[in-house]
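Undergrad: Line by line, the protein sequences are chains A and B. Residues in the first sequence are numbered from 0 upward in steps of one, following numbering that gives the first Met the number 0. Residues in the second sequence are numbered from 0 upward in steps of one, following numbering that gives the first Met the number 0.
Worth flagging that the hints you see were computed from the coordinates, not collected in a lab. Possibly wrong hints are sitting among the right ones.
[Said to hold, decoys possible] Simulated crosslink set (BS3-like; lysine-lysine; CA at most 30 Å straight-line):
| # | chain 1 | residue 1 | chain 2 | residue 2 |
| --- | --- | --- | --- | --- |
| 1 | A | 18 | A | 128 |
| 2 | A | 209 | A | 238 |
| 3 | A | 246 | B | 157 |
| 4 | A | 18 | B | 157 |
| 5 | A | 154 | A | 246 |
| 6 | B | 55 | A | 72 |
| 7 | B | 109 | A | 32 |
| 8 | A | 72 | A | 154 |
| 9 | A | 18 | A | 209 |
| 10 | A | 115 | A | 209 |
| 11 | B | 91 | A | 128 |
| 12 | B | 1 | A | 246 |
| 13 | A | 21 | A | 115 |
| 14 | B | 109 | A | 18 |
| 15 | A | 246 | A | 32 |
| 16 | B | 139 | A | 32 |
| 17 | B | 91 | B | 139 |
| 18 | A | 21 | B | 109 |
| 19 | B | 55 | A | 32 |
| 20 | A | 72 | B | 79 |
[Unchecked claim] Among chain A residues calculated to face chain B with C-beta under 10 Å, some are:
| # | residue |
| --- | --- |
| 21 | 59 |
| 22 | 66 |
| 23 | 135 |
| 24 | 186 |
| 25 | 286 |
| 26 | 287 |
No experiment lies behind these values; they were computed from the predicted model shown. Each residue gets a CB set at the ideal place from its N, CA and C atoms; glycine is no exception.
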Amino acid sequence: MVTTLSNAGYPPGTVITGKWRKSRYIVERTLGKGANGRVYLVHRAGVRQRYALKVGYDALDLQSEINVLSALKEQMHNAYLVEADDHQDSSGDVPFYVMRYIEGDPLHRFIGRRGKEWLGLVGLNLLEKLSLLHASGYVFGDLKPDNVMVSPYGKVELIDYGGVSSIGRSVKQFTEWYDRGYWNAGSRTGDISYDLFSFAVMCIQVLDEKALREASRQLPQTRSMTDLVMLVRRNPAFKPYAAWLNKALAGEFADSREALNQWRGSIRGPSAGRARSRQQDTPRWLRNAFALSLFILACTIFFLFR
Amino acid sequence: MKQILLITDGCSNVGESPVMAAAHALAEGIVVNVVGVLDYGTIGELGAFEIQEIAKAGGGLHRIVGTPQLAQTMQMMTRKTVVQTIQQAVNKEIQHILGGGSLEELPPDKRSQVVEVVDELAETSSLEVALLIDASASMKPKLAAVEEAIRDLMLSLKARAGASRLAVFHFPGRGSEEEVVLDVNWTSDLDGVRSMFGRLQMKGATPTGPALLKVIEFFQYGTLGNNQSWKGHTGQEEGMLGDYVV
């Protein structure tokens, strides 16, 4: 009884018209697929202003998401939700909502492209977003790199609010690696530590994905938070963040303000800077060039004394 | 709210039609979800068809997945079914009040209020899930994954605000008279349970239908007992799938 869009989504040029508010949006392209809907890049008919528009698979699931977004709209001046409506297509009424379009890359791609040294800043911006959400009484739930959009200068926006739940309620949506329950490290009740745990796993993934993948491969009953702690200890790349990560994994932050302040301290403190510059790796091109010159030298010597 | 989650990897081949049994469950207010587990090979057209039919008759969902997705699938199904059950009840109320129409037809602001109520009830209502595990020979290598998935489901249920408990059964039993075995009685905590499926005797028979009927009985009387009331139905055991059973 799961309702799905029977077709492969709307092709570019499709006009989506609101049944109740009569706004018209023109599809430019598909941006992605979430757990409960498909997201398109659209512009309002006649205007160049671009938005992201999410078409839901199920009216109830989508409305639940819209409810959270409108509650957030009232509490945070940074309005994300533009409007919600229904569109009539060949399969009947389909619900959709319109949100601000956020240009950028998902977290892992951003860090992969720009370098791991950006994690400090991006993490800081993300923690700021999270603590705003927490202060409004919600937890994000399904925190993972795909749901974190980073703009070119490290500004961060959370996307896909389908997993958001009130503090104290069960987490609605989660993804294995980032789930506290998956690591036998605690409940699936939505509290601020749940989000901070996911945040810590994201950092681990960004800095050492291979080790995280290995840790996740062991038997489910032996998987534990200690594996993550060990992994952080082993790799020197974690050094500036280690204390923060351990605290987040153990769920020891009293609130997200404290987590935010400690993160700021660990990336901006005097010791942090030194730790980072010391472990700066020689760039790969330099190493390659060095190897090449050694090779040429060897050849020269060989031909010289032959 | 009551749910049965059937985990199997193929066709039933003994006794009453599981499709009929699932329809009985639904009549008793118990929704039946079915997960087909498969790692190698195929589940077969017949098996897939039966899985789909059982879920349809039982008013539930059905999925066919590999063991790595099992835990997540079970969690998602249980959650979706809870919401659906409440939504159906709420829709009935809406129709009662408005004389027709459903959630989808309500204007956005009304819909928002209704969904708020549905979400609240989905989180706070009490829930009982009976897991019925097909332990026929071909399922043996998958049972460790099944047990893990059940523990994972318990973790999700524990996080709900409403009271939640689950029970675990497997079938077939040891003798020919025993269609189903109770492994874990109603519980809200599996931490004390060492191993769910102790030593199983793997047999070829897959009495899915009779096992389902026994679990319905368990929901009603809290025991698998010797209550043979369902035996009365054996005369009509050539249910919907009677013709297909090989």
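Undergrad: Now look at each hint and say whether the structure bears it out.
TA: Cross-check of the supplied hints:
1. 18/A - 128/A: Between residue 18/A and residue 128/A the Cα gap is close to 33 Å, so the pair fails against 30 Å, i.e. violated.
2. 209/A - 238/A: At roughly 17 Å apart (the allowed maximum being 30 Å), residue 238/A and residue 209/A satisfy the hint.
3. 246/A - 157/B: OK: residue 246/A and residue 157/B at ~24 Å, within 30 Å.
4. 18/A - 157/B: 40 Å, violated
5. 154/A - 246/A: 25 Å, holds
6. 55/B - 72/A: It is violated: about 40 Å lies between the C-alpha atoms, which goes past 30 Å.
7. 109/B - 32/A: Between residue 109/B and residue 32/A the Cα gap is close to 27 Å, so the pair holds against 30 Å.
8. 72/A - 154/A: 20 Å, holds
9. 18/A - 209/A: 49 Å, violated
10. 115/A - 209/A: 15 Å, holds
11. 91/B - 128/A: With a Cα-Cα distance of about 40 Å, the restraint between residue 91/B and residue 128/A is violated, given a limit of 30 Å.
12. 1/B - 246/A: 40 Å, violated
13. 21/A - 115/A: 46 Å, violated
14. 109/B - 18/A: 15 Å, holds
15. 246/A - 32/A: Roughly 33 Å separates the two Cα atoms, so the pair is violated.
16. 139/B - 32/A: 36 Å, violated
17. 91/B - 139/B: 43 Å, violated
18. 21/A - 109/B: 18 Å, holds
19. 55/B - 32/A: Holds: residue 55/B and residue 32/A sit about 27 Å apart, inside 30 Å.
20. 72/A - 79/B: Holds, because 27 Å separates the two Cα atoms, which is no more than 30 Å.
21. 59: Given a least distance of 6 Å, the restraint on residue 59/A holds.
22. 66: 6 Å, holds
23. 135: With a minimum Cβ separation of about 16 Å from chain B (threshold 10 Å), the hint on residue 135/A is violated.
24. 186: Hint on residue 186/A: holds, closest Cβ of chain B at ~5 Å, below 10 Å.
25. 286: With a closest approach of 38 Å, the residue 286/A hint is violated.
26. 287: 39 Å, violated
Of the numbered hints listed earlier, those contradicted by the structure are 1, 4, 6, 9, 11, 12, 13, 15, 16, 17, 23, 25, 26.
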